[in-house]
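Colleague: Listed here are the chains, written in short residue letters.
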Amino acid sequence: MARYALRRLMAEYKQLTVNPPEGIIAGPMNEENFFEWEALITGPEDTPFEGGVFPAKLQFPSDYPLSPPKMQFTCEMFHPNIYPDGRVCISILHSPGDDPTGYESSSERWSPVQSVEKILLSVVSMLAEPNDESAANLDAAKMWRDDRQQFNQIAQKLVRHTLGLQ
Amino acid sequence: MQTKMRALLFALGSFLLTSAVVGHAYYQRKQFYPSVVFITKSNPSMAVMYTQGFVLVLLVGKLMRKLFFGQLHAAEFEHLIERSWYAVTETCLAFTVFRDDFSPKFVALFTLLLFLKSFHWLAEDRVDFMERSPVITWVFHLRILCKILVQKFLRKIHLIPRVILSALLTLLGALDYLFVNSAYHSTLSKGPSVQLVFGFEYAILLTITTNISIKYILHTIDIESENPWEAKAVYLLHTELIVGFLKVVLYGLFMLIMARIHTFPLFAIRPMYLTTRAFKRALQDVIMSRRAIRNMNHLYPDVTPEELANSDSTCIICREEMTSGAKRLPCNHIFHTLCLRSWFQRQQTCPTCRLDVLQTAQPQAPPRPPPPAANNAQADARPAPPPAQPMGHRPFHMPHVWMPAAPRQGNAGDASSDSTAGASASSSSTQAGPIPMMPPPFAFSFPAHGFPFPPPPPFFPPPPISVPLPPANFEGMTREELEALVGVEEENIRNRIRCLRNIQCFLDAAVLQMHQYSTATGRHIFTSNDEPTLPNFEGLLKNLQEEARKVDKEPEGAAGFSPPQAPEEIPEEDKEAAELRKLRLQRFSPNDDSAK
Ligand SMILES: [Zn+2]
Ligand SMILES: [Zn+2]
Chain A
1 MARYALRRLM AEYKQLTVNP PEGIIAGPMN EENFFEWEAL ITGPEDTPFE
51 GGVFPAKLQF PSDYPLSPPK MQFTCEMFHP NIYPDGRVCI SILHSPGDDP
101 TGYESSSERW SPVQSVEKIL LSVVSMLAEP NDESAANLDA AKMWRDDRQQ
151 FNQIAQKLVR HTLGLQ
Chain B
1 MQTKMRALLF ALGSFLLTSA VVGHAYYQRK QFYPSVVFIT KSNPSMAVMY
51 TQGFVLVLLV GKLMRKLFFG QLHAAEFEHL IERSWYAVTE TCLAFTVFRD
101 DFSPKFVALF TLLLFLKSFH WLAEDRVDFM ERSPVITWVF HLRILCKILV
151 QKFLRKIHLI PRVILSALLT LLGALDYLFV NSAYHSTLSK GPSVQLVFGF
201 EYAILLTITT NISIKYILHT IDIESENPWE AKAVYLLHTE LIVGFLKVVL
251 YGLFMLIMAR IHTFPLFAIR PMYLTTRAFK RALQDVIMSR RAIRNMNHLY
301 PDVTPEELAN SDSTCIICRE EMTSGAKRLP CNHIFHTLCL RSWFQRQQTC
351 PTCRLDVLQT AQPQAPPRPP PPAANNAQAD ARPAPPPAQP MGHRPFHMPH
401 VWMPAAPRQG NAGDASSDST AGASASSSST QAGPIPMMPP PFAFSFPAHG
451 FPFPPPPPFF PPPPISVPLP PANFEGMTRE ELEALVGVEE ENIRNRIRCL
501 RNIQCFLDAA VLQMHQYSTA TGRHIFTSND EPTLPNFEGL LKNLQEEARK
551 VDKEPEGAAG FSPPQAPEEI PEEDKEAAEL RKLRLQRFSP NDDSAK
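Same order as they appear, the protein sequences are chains A and B.
Going by UniProt numbering, the letters in the first sequence line up with residues 1 to 166, in that order.
Going by UniProt numbering, the letters in the second sequence line up with residues 1 to 596, in that order.
Incorrect hints may have been included.
The calculated EDC-like cross-link candidates involving lysine to aspartate or glutamate, where the alpha carbons are at most 20 Å apart (straight line), are [claimed, not checked]:
#1 A/K14 <-> A/E38
#2 A/K70 <-> B/E321
#3 A/K70 <-> B/E78
#4 B/K117 <-> B/D128
#5 B/K232 <-> A/E129
#6 A/K157 <-> A/D147
#7 A/K118 <-> B/E320
#8 B/K280 <-> B/E240
#9 A/K70 <-> B/E76
#10 A/K57 <-> A/E31
#11 B/K232 <-> B/E321
#12 A/K70 <-> B/E90
#13 B/K41 <-> B/D125
#14 A/K70 <-> B/E82
#15 A/K57 <-> B/E78
#16 B/K117 <-> B/D100
#17 A/K157 <-> A/D139
#18 A/K70 <-> A/E12
#19 A/K14 <-> B/E321
#20 A/K142 <-> A/E129
#21 A/K118 <-> A/E12
#22 A/K57 <-> A/D46
#23 A/K14 <-> B/D285
#24 A/K57 <-> B/E76
#25 A/K57 <-> A/E38
Simulated from the structure, these hints should not be mistaken for lab results.
Generate coordinates for the entire structure from the input sequences, incorporating the hints supplied.
Modeller: So, in structure tokens, the structure goes:
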């Protein structure tokens with residue numbers, strides 16, 4: 001099983017290196033363990049996260065791609081769909097059957113069609129358009145809904161933080 | 001680092017205090033026995049001794065952990081903390097039932113239990129981890145160092161942790177067995193006491209050890225074998241099922257005994273509930289996956305190597321080229337048989353379009369118009385299609401550019417070309433529209449209904465019964481209610497099995513009818529020359545899709561995700577980011593070479 005996962009991860013890694021999507025870099029942390037990746041995600045333009053470079057780590061299960069990886073930002077984040085500890089909560093990272101929020105229908109869940117690239121692109125679009133229906137960080141969701149200006153300020157602060165400008 | 005220092009200081013201080021206390025006592029009394037009496041009589045001395053005992057226990061635990069597991073992974077540590085938290089809370093609850101038995105011996109036994117438990121958890125995590133790490137290091141070392149001698153040496157090195165792990169598993173099993181045994185005898189000779197709880201806990205631990213050992217053996221066989229061992233997942237599923245059953249039985253027995261002798265064991269409810277749920281899920285998984293794999297083997301057509309060679313055929317599950325050994329699902333999606341098999345052990349849906357294969361299990365014949373006469377006769381008798389899956393829906397988070405829309409459109413096309421006579425309004429609209437901006441929702445029609453065969457019997461088994469979940473912490477539920485709950489769960493499982501059997505009956509009947517139908521009309525069908533329309537149609541759809549993407553992307557660039565941009569255009573203040581990325585890319589490039 002793990003061999004399958006390894007081969008597919010290698011294929012995806014190769015694909016990501018040869019043909020990287022704009023604004024995203026990802027790869028294994030070290031060559032000893034292909035099941036732990038780190039990724040850098042640039043904040044999408046025209047959003048409060050614009051200009052930021054957000055590091056995250058991905059943890060792949062040994063039965064990848066049958067089960068989804070876990071993703072966690074390793075920098076400070078403030079976003080409705082990111083837990084305060086950095087874990088990302090979006091539907092394609094959940095397999096049908098485990099539903100932490102109860103708002104996701106199974107058609108948006110993990111399946112082997114998804115890939116690291118698609119996950120990261122989903123995360124980019126999640127940064128651009130939070131989904132406050134299934135909030136992982138209630139404070140952020142509330143602020144995003146009620147006080148967008150303050151939310152944007154916090155996001156801008158985080159951006160400067162990730163660039164080491166503080 | 002700081003906590004480590006503090007722990008070290010604490011341990012050192014405790015040792016110093018203990019030696020001071022002992023030295024003082026010996027200085028006062030000059031002899032061994034009186035000194036002991038002196039220490040036990042003085043409360044401060046006893047406090048120091050207890051602290052020392054605690055420190056010693058921790059140190060021993062640390063030593064054992066180092067010995068058996070080496071450095072813990074961060075995830076393992078997190079897991080350990082979380083589970084210990086529950087274990088401590090539940091045992092404290094158990095204490096309230098046995099508060100009369102409370103004694104230092106009791107505390108010692110509890111500490112021991114907690115230690116053994118944590119070793120079980122660690123062993124479990126480690127065995128799960130083992131499934132991947134040795135393989136990877138081998139693969140890489142084999143690649144980098146190509147000398148046979150070095151390979152052999154490395155093999156030996158990597159065997160060491162495994163020897164330790166098996167030793168640990170044996171040890172844990174033996175300890176569990178011993179404790180269960182002693183608890184059993186103590187209960188028999190002295191009547192029920194707190195030993196009952198311990199005996200039961202160790203019995204549960206014994207099942208866990210068994211489970212881990214089986215997993216461990218399976219992983220070892222898998223790692224040792226040169227070819228991927230596909231039966232492993234099946235064995236794993238069944239192990240889970242049997243162990244789950246054993247656990248449910250154990251918990252049930254324990255609850256019964258406890259309820260008769262003392263009071264209802266509140267502290268066992270959470271684990272009992274979790275176990276029942278896990279068992280239910282395992283049972284469901286086994287049944288559903290068996291059904292799906294059966295369908296796959298018997299109903300879905302093999303794709304010939306020629307067909308595979310003609311089309312661009314990458315298996316979406318493993319991302320590798322398919323040359324042989326592929327199956328076609330009713331939705332026309334093609335996968336490796338082996339990949340599909342392991343996926344069906346998780347979920348019984350098409351990985352690409354999420355078609356529920358258990359609900360639409362009829363095979364998909366190559367698209368062709370049904371004989372007109374039969375078609376007319378059957379057109380009215382055709383049953384209403386089952387409720388469509390919410391496949392056309394878009395995920396909340398994903399802008400549609402990134403959606404794997406291609407297969408779905410292909411689908412809608414197949415479905416509409418397939419059922420020319422009885423095509424639904426929605427699927428014919430796909431053909432009419434010049435540029436579909438997005439796949440039409442619910443354009444999916446179930447292929448099985450595209451060609452005529454006698455309608456299924458009026459009774460179609462209901463979808464699996466959804467079980468109402470009990471309140472999370474079982475507050476406000478009486479014992480009777482809980483017992484009733486357990487009964488209801490069992491009843492539900494039984495109902496489900498019955499329901500699935502019904503489905504199987506219907507499916508078999510349907511297949512029989514299909515066979516009869518195809519033998520009767522086979523010659524007519526295979527001489528019809530509609531086959532080549534399929535690739536043409538798919539090509540057309542692909543073109544349309546390309547255009548749709550272009551159209552979609554243009555407004556997207558203005559408002560949504562950043563449009564493609566050359567790296568040189570990065571603004572001044574993003575220099576750090578650019579630097580980071582450059583570094584990152586540099587770091588990756590040598591890795592990439594070694595990965596190839
Ligand atoms: Zn495959
Ligand atoms: Zn499909």
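Colleague: Now tell me if each hint is right for this structure.
Modeller: Comparing the hints with the structure gives:
Straight-line distance between C-alpha atoms of A/K14 and A/E38 comes to about 15 Å, which keeps the hinted pair within the 20 Å bound. A C-alpha spacing of about 27 Å is found between A/K70 and B/E321, which places the hinted pair above 20 Å, so the restraint is violated. A C-alpha spacing of about 15 Å is found between A/K70 and B/E78, which places the hinted pair at or below 20 Å, so the restraint holds. Among the hinted pairs, B/K117 with B/D128 is consistent with the structure: their alpha-carbon atoms are about 17 Å apart, no more than 20 Å.
Between B/K232 and A/E129 the alpha-carbon distance is near 42 Å, which puts this suggested pair outside the 20 Å criterion. Using a Cα cut-off of 20 Å, the hinted pair A/K157 and A/D147 holds, with the two alpha carbons roughly 16 Å apart. Pair hint A/K118 plus B/E320 holds up; C-alpha atoms about 18 Å apart against a cutoff of 20 Å. Pair hint B/K280 plus B/E240 holds up; C-alpha atoms about 11 Å apart against a cutoff of 20 Å.
Pair hint A/K70 plus B/E76 holds up; C-alpha atoms about 15 Å apart against a cutoff of 20 Å. Of the supplied pair hints, the one linking A/K57 and A/E31 holds, its CA atoms being roughly 15 Å apart against a limit of 20 Å. Between the alpha carbons of B/K232 and B/E321 the distance comes to roughly 24 Å, so the proposed pair goes past 20 Å and is violated. Restraint check for A/K70 and B/E90: not satisfied, since their Cα atoms lie roughly 29 Å apart, outside the 20 Å limit.
At roughly 45 Å between alpha-carbon atoms, B/K41 and B/D125 are farther apart than 20 Å, so this suggested pair is violated. Taken as a hint, the A/K70 and B/E82 pair is honoured in the structure, with Cα atoms around 18 Å apart against an allowance of 20 Å. With a CA separation close to 16 Å, the supplied pair A/K57 and B/E78 stays within the 20 Å bound. The straight-line distance between the Cα atoms of B/K117 and B/D100 is roughly 24 Å, outside the 20 Å bound, and the hint therefore fails.
For the proposed pair A/K157 and A/D139, the alpha carbon gap of about 17 Å is at most 20 Å, so the pair holds. At most 20 Å may separate the alpha-carbon atoms for a hinted pair to count; A/K70 and A/E12 meet this at roughly 16 Å. About 15 Å separates the Cα atoms of A/K14 and B/E321, which keeps this hinted pair within 20 Å; it holds. As the CA atoms of A/K142 and A/E129 are separated by approximately 14 Å, the hinted pair is consistent with the 20 Å bound.
Between A/K118 and A/E12 the alpha-carbon distance is near 11 Å, which keeps this suggested pair within the 20 Å criterion. A distance of roughly 25 Å separates the Cα atoms of A/K57 and A/D46; the hinted pair therefore is violated under the 20 Å criterion. In summary, the hint linking A/K14 to B/D285 is not supported, as the alpha carbons are separated by about 34 Å, beyond the 20 Å threshold. Restraint check for A/K57 and B/E76: the C-alpha separation of about 17 Å stays at or below 20 Å, so the hint holds.
Restraint check for A/K57 and A/E38: satisfied, since their Cα atoms lie roughly 4 Å apart, inside the 20 Å limit.
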